[in-house]
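One-letter residues, chain by chain:
2 protein chains.
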Amino acid sequence: MGGDHGPDVTLVACRQFLDAHPEAQLLLVGQPERLQALVHPRAQHVPATEVVAMDDAVEVALRKKRDSSMRVAIAQVKDGRAQAAVSAGNTGALMAIARYLLKTLDGIDRPAIATQIPNARGGATTVLDLGANVDCTAEHLLQFAVMGSALVSVLNDDPQPSVGLLNIGEEAIKGSEEIKRAGELLRTAAASGDLNFVGNVEGNDIFKGTADIVVCDGFVGNVALKTIEGLASMIGGFLKEEFSRNLLTKAAAVVAYPVLSALKRRMDHRRYNGAALLGLRGLVFKSHGSADALAFEQALTRAYDAARNNLLERVRARVAHAAPLLATADASLTAPGAASAPL
Amino acid sequence: MGGDHGPDVTLVACRQFLDAHPEAQLLLVGQPERLQALVHPRAQHVPATEVVAMDDAVEVALRKKRDSSMRVAIAQVKDGRAQAAVSAGNTGALMAIARYLLKTLDGIDRPAIATQIPNARGGATTVLDLGANVDCTAEHLLQFAVMGSALVSVLNDDPQPSVGLLNIGEEAIKGSEEIKRAGELLRTAAASGDLNFVGNVEGNDIFKGTADIVVCDGFVGNVALKTIEGLASMIGGFLKEEFSRNLLTKAAAVVAYPVLSALKRRMDHRRYNGAALLGLRGLVFKSHGSADALAFEQALTRAYDAARNNLLERVRARVAHAAPLLATADASLTAPGAASAPL
Chain C
1 MGGDHGPDVT LVACRQFLDA HPEAQLLLVG QPERLQALVH PRAQHVPATE VVAMDDAVEV
61 ALRKKRDSSM RVAIAQVKDG RAQAAVSAGN TGALMAIARY LLKTLDGIDR PAIATQIPNA
121 RGGATTVLDL GANVDCTAEH LLQFAVMGSA LVSVLNDDPQ PSVGLLNIGE EAIKGSEEIK
181 RAGELLRTAA ASGDLNFVGN VEGNDIFKGT ADIVVCDGFV GNVALKTIEG LASMIGGFLK
241 EEFSRNLLTK AAAVVAYPVL SALKRRMDHR RYNGAALLGL RGLVFKSHGS ADALAFEQAL
301 TRAYDAARNN LLERVRARVA HAAPLLATAD ASLTAPGAAS APL
Chain F
1 MGGDHGPDVT LVACRQFLDA HPEAQLLLVG QPERLQALVH PRAQHVPATE VVAMDDAVEV
61 ALRKKRDSSM RVAIAQVKDG RAQAAVSAGN TGALMAIARY LLKTLDGIDR PAIATQIPNA
121 RGGATTVLDL GANVDCTAEH LLQFAVMGSA LVSVLNDDPQ PSVGLLNIGE EAIKGSEEIK
181 RAGELLRTAA ASGDLNFVGN VEGNDIFKGT ADIVVCDGFV GNVALKTIEG LASMIGGFLK
241 EEFSRNLLTK AAAVVAYPVL SALKRRMDHR RYNGAALLGL RGLVFKSHGS ADALAFEQAL
301 TRAYDAARNN LLERVRARVA HAAPLLATAD ASLTAPGAAS APL
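Sequence lines, in order, name chains C and F.
Reminder that position 165 of the first sequence reads as 165 in the numbering used here, one-by-one numbering, no gaps.
Reminder that position 121 of the second sequence reads as 121 in the numbering used here, one-by-one numbering, no gaps.
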């Protein structure tokens, strides 16, 4: 039901997805009359009377709209009827409801949102957190690194993808106290084989593809993502404007069309639509609200692949493997008290 | 002496600048033999035996290299022989030396680095801080807003430019506690006429031009700036690659050349080269290290215009005008203690 376009887009995407994946099954959750547009032998309708609006406060979505399509969809995951939930709706509400219904994995304090950004190497850099957590401790950043590694190991079929810590310089002495401490924790994790940590990276490294995974707090990640969207949109607008300036430039656009479409394809963020909500006891994926059918289908495919490749178990196993480290990290928060106890 | 290219670029830029500004005078500070390339009636050579390297630690630049060109240049400002200093060198060293020699203005705890980023409106958005301060309190962000307003009032000849607070949502309830508190301080400043505060802005608003000035802490600002550089460079690389793929695309590049150069001109960050170090008792401008002669000349022009338009006095006056507010803000740091005193 969610996103800027609702079922007009999501149901079209669902049909394409079902056609492309003959073994897949969908539970379509929403207002029954809106779901009539897609009747399919592998698509079951699950009724929900309410819809979380894009501008609903988290509290409203969580406490008032108890029969929202978002909540009912996540309940399907909780009850084992679905292996993953996908939504194009209100991100804050989705995270809050998912966290409330599914709970976090042992060893994870805060779930994170991970998305992929196309890089110059022709692949994509996975960045987390994208806005779920505004104030992060070093321990949270370590948890993000562990969860991100699990996600990318599934996406790229690479058992030990590289992790960079987003900072304002490559040197270990750069950044805030919390970032420096995160660097220490990540180096410890790398030494014990839990992570492939490559050190500090900077904003431009997201596009260079210096590390498979870039870890940052949700405030910084969200600003970076929105900045990227803003610049890409401005450049797109400039190109359109310059090529439509007069007859000559319009002719140039026709000649340059194949090149411009190749460029557009390479920059197409729709190919990477479908951000993972990591750290929960169930799989939830968030599509961009403005997604078209192609982009939303991509988010569905991403969730399907994650479920088939046991992403949830992989995250759980990685977190469990790193548990001694995560526990140490947790203890360090109360270290002064703990240290004085034996006295 | 500084930057990636040293005097080979800076002296060429100096000559262009002198030609374009018949009343301007330059003090060229550096190793005498390197300065011989520019002999000009309005350019005086000021010897300095040492050079701060781009990778020198701040401590080395500040304590060991006491006769560096950077330090001698800033000393010219301190002693009133120059109205502004411009450097393409090591940013951290420049800030540290400038702060040490010039000191901060009354009411300013921390100087900030402000740069301009081209926006879709055809103008530029001024963003600060860009990396001088990694952990900022709400009071620091308020100080940045006041200093940024003074800078832009000079640059745009607009007495009350608009200020936005970089956040992860437009609603006042978004962001960390510190950001929310900064929003409150900025609203108070707006109510008392000290600022034209337009509320929270997001990363994409930098390019939309929603506010003339965008205020953020140095960590976030630096990540945003580097992210922008990274994306712009990747898109540039993609364009070059796609247009040189084969004979057909190369022909398309020839046809599209005027359009592509128009685009390049609009995106040309060299036009905005020259970041201001604000909050000091003297004018210091930082050129991008990779600046070419055109870009470095731009930084010189920026410093020259700032000096002619009394930027220093304008910043001082604005900070003084906002002093009661800045003082209130300072007091709020110790408010709990102060509040209990009367009891």
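Simulated from the structure, these hints should not be mistaken for laboratory data.
Be careful, since some hints might not be right.
Repeated chains share a single entry, so a pair holds when one copy, or any two copies, can fit it.
Under the rule of at most 35 Å between Cα atoms (straight-line distance), these lysine-lysine pairs were calculated in the DSBU-like manner [claimed, not checked]:
#: 1; residue 1: K240; residue 2: K78
#: 2; residue 1: K64; residue 2: K180
#: 3; residue 1: K64; residue 2: K264
#: 4; residue 1: K250; residue 2: K174
#: 5; residue 1: K240; residue 2: K64
#: 6; residue 1: K250; residue 2: K208
#: 7; residue 1: K64; residue 2: K78
Small disclaimer: the values here were computed from a predicted structure and weren't measured.
Which of the numbered hints above does this structure break? Hints 1, 3, 4, 5 contradicted; others consistent.
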